[in-house]
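Protein chains in written order, with my numbering: chain X, 1 to 343; chain S, 1 to 267.
Calculated from the structure, these hints are not laboratory results.
Since the model is a prediction, treat every value here as computed from it, not as a measurement.
Accuracy of the hints is not assured; some may be wrong.
Claimed, not checked - List time: in silico DSSO-like cross-link candidates among lysine-lysine, alpha-carbon distance up to 27 Å:
| # | chain 1 | residue 1 | chain 2 | residue 2 |
| --- | --- | --- | --- | --- |
| 1 | S | K260 | X | K104 |
| 2 | X | K88 | S | K256 |
| 3 | S | K178 | X | K95 |
| 4 | X | K88 | X | K104 |
| 5 | X | K36 | X | K95 |
| 6 | X | K198 | X | K95 |
| 7 | X | K15 | X | K46 |
| 8 | S | K178 | X | K36 |
To be verified - Label pairs and their computed distance ranges (CB to CB):
| # | chain 1 | residue 1 | chain 2 | residue 2 | range |
| --- | --- | --- | --- | --- | --- |
| 9 | S | M173 | X | R153 | 25 to 33 Å |
| 10 | X | E90 | S | V54 | 24 to 32 Å |
| 11 | S | A252 | X | R30 | 43 to 51 Å |
| 12 | S | R89 | X | A22 | 38 to 46 Å |
| 13 | X | R203 | S | A19 | 30 to 38 Å |
| 14 | X | S29 | S | Y265 | 45 to 53 Å |
| 15 | S | T36 | X | G40 | 53 to 61 Å |
| 16 | X | S149 | S | T36 | 43 to 51 Å |
What the hints assert, rightly or not - Examples of chain S residues lying across from chain X (beta carbon under 10 Å, computed):
| # | residue |
| --- | --- |
| 17 | L10 |
| 18 | V16 |
| 19 | A23 |
| 20 | V48 |
| 21 | A52 |
| 22 | V54 |
| 23 | G55 |
| 24 | G58 |
| 25 | Q59 |
| 26 | S94 |
| 27 | I101 |
| 28 | R261 |
| 29 | Y262 |
| 30 | A264 |
Glycine included, C-beta positions come from ideal geometry on N, C-alpha and C.
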Amino acid sequence: MISVRALAKHYKVHKRAPGLLAALKSVFSRTYDTVKAVDGISFEIKAGERVGFLGPNGAGKTTTLKVLAGLLHPSLGEVVVGGHVPKKREDAYLKKIMLVTGQKQQLLWDLPPSETFELNRAIYEVPRPQFKQTVDELVATLDLSDLISKPTRQLSLGERMKCELAAALIHRPLVLFLDEPTIGLDVSMQVTIRNFIKQYNERHGATLMLTSHYMDDVAALCPRVIVIDKGALSYDGGLEELVHRIRPEKRVVFHLQKEAERAVLDGLGKVVSVNHASAVLQVPQEAVSETISRALATLPVKDLTVENAPLEEVMSELFERSRRASASGAPVAPAANGTGRPS
Amino acid sequence: MSLRTTARALPAMMKVGFAEAVAYRAEMLVWMLSTTMPLVMLSLWNAVAADAPVGRFGQAEFTTYYLLMFICRQLTGAWAAWQMNYEVRTGALSRRLLKPISPIATYAVENLAALPLRSLVAVPMAVIALFAIAKGTLASDGRYWALVPLALAGGWMITFLINIAIGALSLYMESSLKIMEVYFTLFAVFSGYLIPVELFPPFLRAAVEWLPFRFQVGLPVELVTNAHSFPEALRLVGVQWAWVVGLGVGTAALWKNGLKRYAAYGG
């Protein structure tokens, strides 16, 4: 569905020192830097896949999504989505896709969301019965009945985001680019949006590409992740596999009846955190069973769980390795499925 | 973008454009007040013509001219350049680019949808005043009146296309609002908006012939104030539509190439 080969997007950026003199000088003579926002990335995404597109701020994620959505013309490389070249912005292509960003909106600010829905129906030429069915479904699933007749400017951020998603799906796009769709939302609204996105993907077989700094979004939605940093691809593969590669150790969380002695905990594994009611230990995967047996014998354990390291830590570690690798030229974590650039 | 898609979406777009235009009534009133310059010029030139006519303009002719100019300005207004500058700078243009309809068509519909409401109060009052005060100075030949809708449509198209061209320049230079200010100064001087073109010195009149501004608002007024013979009126309407075509082609090229530079700033 999505094929990206050696995609690069470079910007020319005006560079100027601070101060009045520099400002005056820049009127007559300007210097420019070339910023490589995306620098030769390649990947393939199959129809119906849900892929997390991750990276630190400024990595090139949003730029890539904008190229895929046809908003930006690539400097180099080939991009094909659903058989179309996005930069041509053909009607047939624009009817297949949608880019939803948490920070930009398509809802008409002064009018109720229902007006945007109606406008989208006309622009996307959605047949009236299909439109009615889609809106009814969206209103029921996202609980919009009280919202769609209020002016958009009077809705809260979360309410607006739900309506934004609904407006984006009126034409039932086959490819959804989601750029931070849950940014600024409270936890329960994040869960609502996440569940809805997953449901849409499963119901319509839509291909989904998601960027988010909330790792819960990624963990809940994306079996596969593509990671880029400074415009270059550093990982492409399964999320589980990434976690195991970067942090092969498991976290064993003990809920305790009373506070444990630090020396006993140190003897069981690496102590991540401890307080009077719980202790978190990091242990190699193969030592989990043995550690639990020993802990049950030596600690006042009320309950326990075994978890992977938090995704935030995994990503942070990956970005750190990526930075070190780009400085030394060494590999970070091999691309898992062979579609990405080996790194 | 297909014309069929645009045509089908037109009623819904007009409806939304109209609803957006009525959302801020105070802003609309201020806009109406900002177009009353011809009425100020009317009082000035009436004072000048009190003792003797200026050219063929006596007080009645000035009254007719400026009331008509006021009406034409209301009916041919466009402001897309400001919108485009804002949207290019903030990345809001992306919202339009993601839809399977030309952003230029959406700007056109938004501007056109607001016109009836902006004209709702001012134009009927001006038309009543015109027929009450200055009826004798209007063209009596119906053929001139038949050309007026064409000339008004051409005038709006030129104004709109210049707006789009200047707006598209913001894709090349980040902001083109200063160019808009220069344009508006040239428009005010050379369109007949402030001073009838026939009162210009000969060398300036020659310049006006080669510029688009007079065809924006001056020509419709000239048609119904006996300024031209009928063949000359026909020729001028032809020149006006040649400007429409020329500006259409130039603006389309400017827009298409400009989009390659669009940076889609912001999330």
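Hints, one by one, checked against the model:
no., hint, in the structure
1, K260(S) x K104(X), "21 Å, holds"
2, K88(X) x K256(S), "11 Å, holds"
3, K178(S) x K95(X), "37 Å, violated"
4, K88(X) x K104(X), "22 Å, holds"
5, K36(X) x K95(X), "30 Å, violated"
6, K198(X) x K95(X), "21 Å, holds"
7, K15(X) x K46(X), "41 Å, violated"
8, K178(S) x K36(X), "31 Å, violated"
9, M173(S) x R153(X): 25 to 33 Å, "31 Å, holds"
10, E90(X) x V54(S): 24 to 32 Å, "58 Å, violated"
11, A252(S) x R30(X): 43 to 51 Å, "30 Å, violated"
12, R89(S) x A22(X): 38 to 46 Å, "22 Å, violated"
13, R203(X) x A19(S): 30 to 38 Å, "32 Å, holds"
14, S29(X) x Y265(S): 45 to 53 Å, "25 Å, violated"
15, T36(S) x G40(X): 53 to 61 Å, "59 Å, holds"
16, S149(X) x T36(S): 43 to 51 Å, "37 Å, violated"
17, L10, "8 Å, holds"
18, V16, "5 Å, holds"
19, A23, "4 Å, holds"
20, V48, "44 Å, violated"
21, A52, "51 Å, violated"
22, V54, "45 Å, violated"
23, G55, "45 Å, violated"
24, G58, "47 Å, violated"
25, Q59, "44 Å, violated"
26, S94, "5 Å, holds"
27, I101, "5 Å, holds"
28, R261, "8 Å, holds"
29, Y262, "7 Å, holds"
30, A264, "5 Å, holds"
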